[in-house]
Structure formats: C-alpha cells, structure tokens
Amino acid sequence: MTGGVVQIAPTFDEVEPTGVPERRSTDQRQLLLAAMLVASSDDAIIGEDPQSVITTWNPAAQRLYGYSAEEVVGRNIAFLLPPDRINELDAVVGRVAKGAGAQHYETKRVHKDGHLIEVGMTVSPIRDQSGAIVGTSTIQRDITQRKQTDAVIVEMAAIVDSSNDAIIGKTLEGVITTWNRGAENIYGYTADEMIGKSISLIVPPDRPGEVAEIIAGMMVADARTKNFETQRVCKDGRIIDVSLTVSPIRDSDGMIVGASSVARDVTEHNAMAAALKASELRSLLAVSRAKDEMVSLVSHELRTPLASLLGFTELLYSRDFSEEQRRQYLEVMLREGRRLTDLINDVLHIQRLEAGHQNLDLAPADLNALIRRAVTSAGEDIQRPIEVELPETLPLVMVDTDAVLQVLGNFMSNARKYSPDGGAILVTSQVVGDMVEIRVQDHGLGVPLAELPKLFATFYRVDSGDRRVIKGTGLGLSINRRIVEAHGGQVAAYSEGPGHGSRFQFTLPTVRIGPEEADVLIVEDDTGFARLLQEQFVARGMTTVRTADAETAERLLREGMKPRAVVADLVLPGVQGEEFVTRLGVDGAAVPVLVLTVKNLAPAEISALEKAGVTAVLPKEAGASQAAVSLITEALVPKAKSI
Amino acid sequence: MGSPPDNQTKATVLIADDESSMRLLVHATIQSNDYQVVEAADGIEAWTMIQEYKPSLVLLDIQMPGRNGLEVLKLIKSDPSLKATRVILLTAKALASDVEIGMRAGADLYLTKPFSPLDLLTRVDEALNRWRSMQQPVRNSPARLASTDLVA
Numbered sequence: 001m002t003g004g005v006v007q008i009a010p011t012f013d014e015v016e017p018t019g020v021p022e023r024r025s026t027d028q029r030q031l032l033l034a035a036m037l038v039a040s041s042d043d044a045i046i047g048e049d050p051q052s053v054i055t056t057w058n059p060a061a062q063r064l065y066g067y068s069a070e071e072v073v074g075r076n077i078a079f080l081l082p083p084d085r086i087n088e089l090d091a092v093v094g095r096v097a098k099g100a101g102a103q104h105y106e107t108k109r110v111h112k113d114g115h116l117i118e119v120g121m122t123v124s125p126i127r128d129q130s131g132a133i134v135g136t137s138t139i140q141r142d143i144t145q146r147k148q149t150d151a152v153i154v155e156m157a158a159i160v161d162s163s164n165d166a167i168i169g170k171t172l173e174g175v176i177t178t179w180n181r182g183a184e185n186i187y188g189y190t191a192d193e194m195i196g197k198s199i200s201l202i203v204p205p206d207r208p209g210e211v212a213e214i215i216a217g218m219m220v221a222d223a224r225t226k227n228f229e230t231q232r233v234c235k236d237g238r239i240i241d242v243s244l245t246v247s248p249i250r251d252s253d254g255m256i257v258g259a260s261s262v263a264r265d266v267t268e269h270n271a272m273a274a275a276l277k278a279s280e281l282r283s284l285l286a287v288s289r290a291k292d293e294m295v296s297l298v299s300h301e302l303r304t305p306l307a308s309l310l311g312f313t314e315l316l317y318s319r320d321f322s323e324e325q326r327r328q329y330l331e332v333m334l335r336e337g338r339r340l341t342d343l344i345n346d347v348l349h350i351q352r353l354e355a356g357h358q359n360l361d362l363a364p365a366d367l368n369a370l371i372r373r374a375v376t377s378a379g380e381d382i383q384r385p386i387e388v389e390l391p392e393t394l395p396l397v398m399v400d401t402d403a404v405l406q407v408l409g410n411f412m413s414n415a416r417k418y419s420p421d422g423g424a425i426l427v428t429s430q431v432v433g434d435m436v437e438i439r440v441q442d443h444g445l446g447v448p449l450a451e452l453p454k455l456f457a458t459f460y461r462v463d464s465g466d467r468r469v470i471k472g473t474g475l476g477l478s479i480n481r482r483i484v485e486a487h488g489g490q491v492a493a494y495s496e497g498p499g500h501g502s503r504f505q506f507t508l509p510t511v512r513i514g515p516e517e518a519d520v521l522i523v524e525d526d527t528g529f530a531r532l533l534q535e536q537f538v539a540r541g542m543t544t545v546r547t548a549d550a551e552t553a554e555r556l557l558r559e560g561m562k563p564r565a566v567v568a569d570l571v572l573p574g575v576q577g578e579e580f581v582t583r584l585g586v587d588g589a590a591v592p593v594l595v596l597t598v599k600n601l602a603p604a605e606i607s608a609l610e611k612a613g614v615t616a617v618l619p620k621e622a623g624a625s626q627a628a629v630s631l632i633t634e635a636l637v638p639k640a641k642s643i
Numbered sequence: 644m645g646s647p648p649d650n651q652t653k654a655t656v657l658i659a660d661d662e663s664s665m666r667l668l669v670h671a672t673i674q675s676n677d678y679q680v681v682e683a684a685d686g687i688e689a690w691t692m693i694q695e696y697k698p699s700l701v702l703l704d705i706q707m708p709g710r711n712g713l714e715v716l717k718l719i720k721s722d723p724s725l726k727a728t729r730v731i732l733l734t735a736k737a738l739a740s741d742v743e744i745g746m747r748a749g750a751d752l753y754l755t756k757p758f759s760p761l762d763l764l765t766r767v768d769e770a771l772n773r774w775r776s777m778q779q780p781v782r783n784s785p786a787r788l789a790s791t792d793l794v795a
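Listed in order, the protein sequences are those of chains W and C.
Position 229 (the first sequence) corresponds to 229 in the numbering used here; numbering is contiguous.
With the second sequence counted from 1, adding 643 to any position gets you the numbering used here.
Rather than coming from a laboratory, the hints here were simulated on the basis of the structure.
Note that the Cβ used here is the ideal one computed from N, Cα and C, for glycine as well.
To be clear about the criterion: a stretch of chain C counts as covered by chain W if any three or more of its residues have a C-beta under 8 angstroms from a C-beta of chain W, and this derived list gives those stretches:
#1 659-665
#2 668-681
#3 736-745
#4 751-762
DEER-style ranges, computed between Cβ atoms:
#5 Gln490(W) - Asp722(C): 46 to 52 angstroms
#6 Asn227(W) - Ile744(C): 47 to 53 angstroms
#7 Arg338(W) - Ser675(C): 27 to 33 angstroms
Some residues of chain C that are not near chain W, with every Cβ distance over 10 angstroms (derived):
#8 Lys653
#9 Tyr696
#10 Ser724
Looking at chain W on its own, in the form it has when it is part of the complex (with noise of 0.2 angstroms):
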C-alpha cells in the first residue's frame, strides 16, 4: 500500500466495469485485489496517516461506528475516542512509529450516535517502498457482544462456582467435566479427584442403571429438564438423599453433548419430613384409639343393663312366675334401666365436656354456700354423716354453679359409696394461692396406690373384691376432673392404701369484684333467664352481675357493691329471695328492687314485700324480661321518673 489517501471505493468502481484485468500490470492487480479486500472485509479497517488524520475508511468502519467516508477523512482520528481514552491514540502511535510492530488491544470508541462500543483493534505501521512509517492502519472489531457474553459467563461461573448445591457437568458418557464447591461439600471429593472421572463413583452400588436411565431420557426429543429425588453416597461411604434436577447441555448447534445436574442434599429435610409425619399420625391414632376405647367401653356398658332388660323381659313375656319373683324381676329391671339412663346421660355430659360445647356459665359465687347445698342435697346417712369444716371467709369463685354442684355431689356420693362399714365424711375448703382447694375426705376403703393415677380417667373402676357390689358407671370422676379442667383448677387423690379411706380434692379460681363493677345486679338462679335480663341490660349501655343465689349477692353487697338497681328471684337455692329483699330493705338500700317470680302471690304477700322495699312484683312469663328492663331503666333515669 501506498501511502496518500486511497479512495477504495471510486478505484473499485472504476476497475470493476471496465472488466480487464489482463491488460493491468501484476502490481497494479495486487493492489487492486488489496483495495477489493478491504473495501469487502467484514472488519473496520482504517488508514490514518502519522499526525492521526483518517485517510481510508472501509464500509465496514461505516458499519461500526455510523459515520461515512465522507464525513471522516481528513479528519483527526481523536473523535472517535471517550475522552477519558483519549492519551491512548498519542501512547499507541508512539509505540508504532518507534518500530513496535503490531499493536493488539481491546478499548472502548464512541459511535455517531454517542454511545459507546467495545472494539478489539489491531495497530500497524504503514510503510512506504524506503520503509519508512507514512502512516497506521487500524483494524477493529465490536466486540460488544462477546464482551457481555464474556461477562455473563464469569458471573455464571462465579454463581455455579459458590452455589451450595452441587452443580456437575458431564459428557453422555458421564465422565465429569464440570465439579463446583457444593459437589466438594455434599460429596466430600475434590475437583481435582472427580474432573475426568466417572460419575457412577457417587451412584450407590443398588441403583446400578441410573445414570444411563437419567442421560437417556435426557434425550428424548421434548425432554428438557428432569426432577427426581434419589441417592448418592459420598466419599465417606455415607448414602444421602439428593433433590436432583438434570438438564441437557448443547453445543452451539443444538445437540445434546453432555448433561449438567444441579443435586441438593435432601437428607435431613427428609428425615424432618418423616419424623413430622409419624408424630402426626400417632397424635391421629391416638385420638382414633381413645374414640375406639370409648365407643367399645359404652358399647359394653350398655350390654349389661340391656341384657337384663331384655332378658327379664322376655322371660315375664314367655313364662309364669309367682308374685314375688315377678316384683324381684320388675326391680331389677326398673334399676337396670336407671342405671342406663345414668349411662346416657354421662357420657352425653362428658361427650359435650370434650367437645368444649358445655357452656359454663360462670358467675361469681360463695363457695362455702355451694358446699352446704351440695351436702343438703346428699341428704341424711346416719351411718355416713357428712360434716364440714370452712373458713368464715373464703374468696368468690368465679364458677358455672350447677357444674360445682355436680362436681362437690359426684364426690360425697362416691365417699359415701366406697364406706360400705360407714365412717363420716369430712368436707374442708382453704385459700390455696389464687385458688380455693375443696376438700373430701372419707373413711372408706381406700384406694391402693397403683390405682390413684388412673382414678379420674373416662370409665376406669377400682377392681377388688369389696367393690364389685358397688354400682358405678365408671364416669362420675372423670366428669369431675373434665368439669374443673374446664374452670381452670385441678382434681387430686390420695389415699394411704387400702382400708385407710381416700380424699379426692379439686381447686377453682378465685375471682374479685370491685364495687363500681355493677349497674345492676340480678340474684337469678335459672341462668337461661338470667342470661336473657342481662344481655337486654347490656343492650342499654348497663353493666351486670349475676349471682345464682342470695348469700353470694349479699357477700358481695357486704364487700362494697353499690348497683343501682336490684333484679331478685324469689324461689332460690338456700336463702329464698323474700328474705333476701327484706334484709336489703333492712340495710336500707336506696335502689330500685324488682321482683321477678313464678310464684303465685296473694296480694297480701305483694304488699308485704312492697313494705319491705320492693319497688315492684312482675310475674315470671313471656316478656317479663323486657317489662323488667324497662321498669329498671324508667326508675334509673330521672327524666323517665319525673313523668
């Protein structure tokens, strides 16, 4: 190549048409095979003469960087570089014209448009005939591409490289290409050991076939990914779960040369997995056992009184007996069919306990109270009195009254029932903490202690000689127990063995009622009704205390509860309500007092309670609640009073 400006394209087209190249010189032809070469090279190649002036410019250089020949020569090179780039151009042409050679390097260019573009150029000095440097020739390349490409691989590799799954490649025939950290960590075999190797080293011995398998599907025509859960074993000979996912490799024509696998170590995730659902499906059984337990257990102790039932039944039915044969079979019937009856009703009581459907209706109440009604409702046994010793005063209870009932009734029947040679049977109570511990204590047979744990569970009965005269269902305990559970307090059994009696005792929660807490307070024993006067007082903006008998609405009038208002019972458990409003009217209560009651009185009886301080007597029917409300209500606001 000459040196001065060589206008590629107008020697081309002059060449070109005019089509004889015989009658051109050989050196002539050389130079236009030259020109030809450049003008088509698929590189920028770029002529620049010793002060950086462009004097060549191929289409390829127009491709590159938008501008055309027209535009760029004569023109200095130094537009084309970032200006942070721009010491390069003196520092390169320095090198070349000093004789360096060939420069080969990677930079950046701007392009017409102004973004910038990574090319790979090569430098070289052009000389003339004399060899002397007249100018450089630059040929450039974007290598943009490649450059991001470049990128995203050493990313890629960086990403497969600390992954902590192992990533392995390898061909078809499954000798490793590929090894990552994580293969190191799961497997336990250095890179270096497994590059060049076959996989099959961490294929346990019993899956023999596997990897064929897994390369095999591989290259079924749509299979692209697989997922499976396996086993390999590690260096140590230690056999682990892997979550392994297999993908086909392709070289850039698309076919498949190799697999890559991505394999986590599933081990202890499985193991989790596993102990989570045998604890799962022995809580299920359990509960499935204790149902069969229980539907066995009734099914049985319902045979018992139904074969008598039956039996006698059909013997009466089918054959003549004497007077006295018939009545000793009628009896035995009528008690058997109670104790049926008996049977239904606990085990509905403990189905609904269970079922968390029994609604307590807790109100607050004197314990003490409960205890003496419980014992008079026990009634007299001479041979086994029931005597107590409480407190003068305990703490209220926050407790459903008819379920302590049948809790405190359940026991003295039980101590009474287990004293067959008699004894008394002792009742105490105690502040225990925040809690109140009853006790019941009884001279009986005792328990032998082998068989205290298991007293309060659902149809367990003591098995001894001396016993199996005494009728149970097995269920009075465990109502009991599910009954204090249910308030929050716990059931207990001590006994020192057999002959020397047995205490069962229960606690409940304390509760304090401060003075200011009551608009109103009913003493209503019935708590459907009670429920029904509170909810419409509450519906008006009024709070409530409900108490389910008259000593424990005195208590708390004792302890400083101001209501303004008093909605009393008259039939009540205990203290009966007459007495009650009498003493409040003695006490000289200045609050409206109504009585709501199902009795029906004389008018002399009415006026006897109006005398005593009663604002007013509604008889207990339909809508009582909302007159008495509205009663109450009227009494309370002055406006309402005033009319």
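Position chain C against the provided structure of chain W, taking the given hints into account.
Here is chain C on its own, set in the frame of chain W:
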C-alpha cells in the same frame, strides 16, 4: 329338660358373673329340676367352685374381677378332671375378635349380651346333652375311658 334325671349323672351348672342382675336372670332362665345351679360372683370364686363341683356346664362371663373368664377357661381346659365340662361364654364383649379369641380358648359356644333367655335355654340343653354323651364311658369304667381316648 330332654332326658330324665339320672342320680348318678345329676348335672351341675355354674353361673359365673360379677353382675348380680345377670346371675339372677340366667338362674331364672335355666332353673330346672334336672340339674342344680350354683353361682360365683368373680373369677376366683368361680375357679374354686369349679374344682369343688366339677360342673357339667359353666356359663362364664369374661369381664370379672379377680380372674377374667378367659383365664378361668384356660384353667378348665388344662385340668384333665374337667374334660367333660362344657363352657358357654356369656359376655358383653361382642367384637368379632373377642369371639375368635373365646372360641380358640376352647369354649363350646360364645353368646353376647344382650341374649335371648329362651335361646340360652336351648343352648344349655344342647351342652348338657354333649356332657351326658361324654359321661357314658366314665360311668362304666374309668379305665376304658383312657383306651377309648387312645383309639380316638
């Protein structure tokens, strides 16, 4: 009862049940001049009485205090002197598996509560007939019983 009373083979039926109402019902059902009826109220008493009376038939409850009916049945089966004793289990345990266990233990019959007294009566008659048929060689000669056993 089918056959006339035979003083030498006067049958004894033992009722073993811890429920007095059950003993009363069974007793009322099978009461007869053909055999005597005795009662036991638990498993231990039952075994004592069985050894004493060598009953022809035991009507045996399973769930009893002391010793349960299956244990008593095993004792009967392991005692050669009780070879002729028939056993009917009369129990509230009504699962198929319970029946299988009872029959495997060697009971002649497994009846579940509630039961029909008239049906029980028929079953008791059948059991006593089987017992009587086993009595024949015994009454003639105890020695021949052994040889008959060897042939059988």
